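Just need the whole structure built from these sequences, with the hints factored in.
Using our numbering, the first residue of the sequence shown is number 81, and each one after it goes up by one.
Because the hints were derived from the structure by calculation, they are not lab data. For clarity, every value in this text was computed on a predicted model and none was experimentally measured. Treat the hints with caution; some may be incorrect.
Said to hold, decoys possible - Heads up, simulated DMTMM-like pairs for lysine to aspartate or glutamate below, C-alpha to C-alpha not over 20 Å straight-line: (1) 291 <-> 257; (2) 162 <-> 313; (3) 291 <-> 337; (4) 291 <-> 102; (5) 291 <-> 251; (6) 291 <-> 189.
Stated by the list, open to error - Label pairs and their calculated CB-CB ranges: (7) 316 <-> 251: 12 to 22 Å; (8) 257 <-> 231: 40 to 50 Å; (9) 301 <-> 164: 21 to 31 Å; (10) 118 <-> 251: 33 to 43 Å.
For each residue, glycine too, the CB sits at the ideal point set by N, CA and C.
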Amino acid sequence: MPDGIEIYFSASLAPGQREIVEQSIASAAERTRAEADAARERAVEEDKLHDAITARLAKLIRADPGVAEALEGVGMRPFKAKDRLRLQGPPGGGRDHVIPASPTDSSVEQRLPPYDFAWRWHHNGGAPPFSQSGDQRGRLGVDARAGGGVAGGASRFVHAHIGVGCIVRTDRPIAVELFAPRSSRHSFAIGARGIGASATSEGGLETTFMKGGQVLMAGTFPLWRRRVSGFSENESVRTGFTSVFPGGMGGRIDPGEYTFNVGIWAFADYASGIGSAGVQSLVESSIIEMRIHRRD
Numbered sequence: 081m082p083d084g085i086e087i088y089f090s091a092s093l094a095p096g097q098r099e100i101v102e103q104s105i106a107s108a109a110e111r112t113r114a115e116a117d118a119a120r121e122r123a124v125e126e127d128k129l130h131d132a133i134t135a136r137l138a139k140l141i142r143a144d145p146g147v148a149e150a151l152e153g154v155g156m157r158p159f160k161a162k163d164r165l166r167l168q169g170p171p172g173g174g175r176d177h178v179i180p181a182s183p184t185d186s187s188v189e190q191r192l193p194p195y196d197f198a199w200r201w202h203h204n205g206g207a208p209p210f211s212q213s214g215d216q217r218g219r220l221g222v223d224a225r226a227g228g229g230v231a232g233g234a235s236r237f238v239h240a241h242i243g244v245g246c247i248v249r250t251d252r253p254i255a256v257e258l259f260a261p262r263s264s265r266h267s268f269a270i271g272a273r274g275i276g277a278s279a280t281s282e283g284g285l286e287t288t289f290m291k292g293g294q295v296l297m298a299g300t301f302p303l304w305r306r307r308v309s310g311f312s313e314n315e316s317v318r319t320g321f322t323s324v325f326p327g328g329m330g331g332r333i334d335p336g337e338y339t340f341n342v343g344i345w346a347f348a349d350y351a352s353g354i355g356s357a358g359v360q361s362l363v364e365s366s367i368i369e370m371r372i373h374r375r376d
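Right, here's the structure in full:
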């Protein structure tokens, strides 16, 4: 299992099923990390000219004690993160059952909390989130903070994922459609003050359907992206819990055991430049149910 990945299993899962889950989460993490690393490499290339200009300005500014002192003062006033994890949501404890099928379905299987497993991980090279919470009950939350401009901000970027999943079994070839209704909210606080200072905040929902380490279906649903730079005013946005029903995934599958994973992610990054910057990115989601529609 790669570093930085945590998985929590239901006691009902057999060793072979746990291995399937480990393969799926490790593969999903590797895939997402590779995509994020490539995006960061592109950003570094794009920022080379900007960094060269900032370095030249920094040299000129440091030669003027008055200007240098003023900019130091700008970087000494961190703003307070105004939000925290609430972890609201419907209680677990219901029983999984098969819903009466429509004429086009062979069956509709409804999975309720607690789910078969829960998982969490953050990107290599980055810092862990300021706080996170989530277990098999499906109440998920991640609070990612970066930069000295926000209380509790990490000195590196933060890109964290957390979620739950269930095992899907079939003994014959079938078509499946997968849904995971949820109640979600998000917030962010962001600011940058100084020459070359910037901050980026992102977050969203994600889902995958996998067989071992192979991704068969996947979806990412960004909730927001905000970037500020220069001498910007501190900005914050907060939403309430809202029912979210992302479009389902579907396809034909062969006999075997699969993993259906749903989760959330938050990203926070910054550059101090000649000044300071900070960002808080917060996402919460309560996974109400996981539904598998089966058709022959």
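For each hint, the structure was consulted:
Restraint check for residue 291 and residue 257: satisfied, since their Cα atoms lie roughly 15 Å apart, inside the 20 Å limit. For the hint pairing residue 162 with residue 313, the CA-to-CA distance comes to about 15 Å; that is within 20 Å, so the pair holds. Taking the CA atoms of residue 291 and residue 337, the gap is about 7 Å. The hint holds against a cut of 20 Å. Proximity of residue 291 to residue 102 is assessed by CA-CA distance (about 11 Å); at most 20 Å being required, the pair is judged to hold.
With a CA separation close to 14 Å, the supplied pair residue 291 and residue 251 stays within the 20 Å bound. Taken as a hint, the residue 291 and residue 189 pair is honoured in the structure, with Cα atoms around 19 Å apart against an allowance of 20 Å. The hinted window of 12 to 22 Å between residue 316 and residue 251 is violated, with their beta carbons roughly 52 Å apart. Judged by the Cβ atoms, the range 40 to 50 Å given for residue 257 and residue 231 holds: they are separated by roughly 44 Å.
Here the CB-CB span from residue 301 to residue 164 is close to 23 Å, well matched to the stated 21 to 31 Å. With their beta carbons about 39 Å apart, residue 118 and residue 251 fall inside the hinted range of 33 to 43 Å.
Checked against the numbered hints above, the structure breaks only hint 7 and satisfies the rest.
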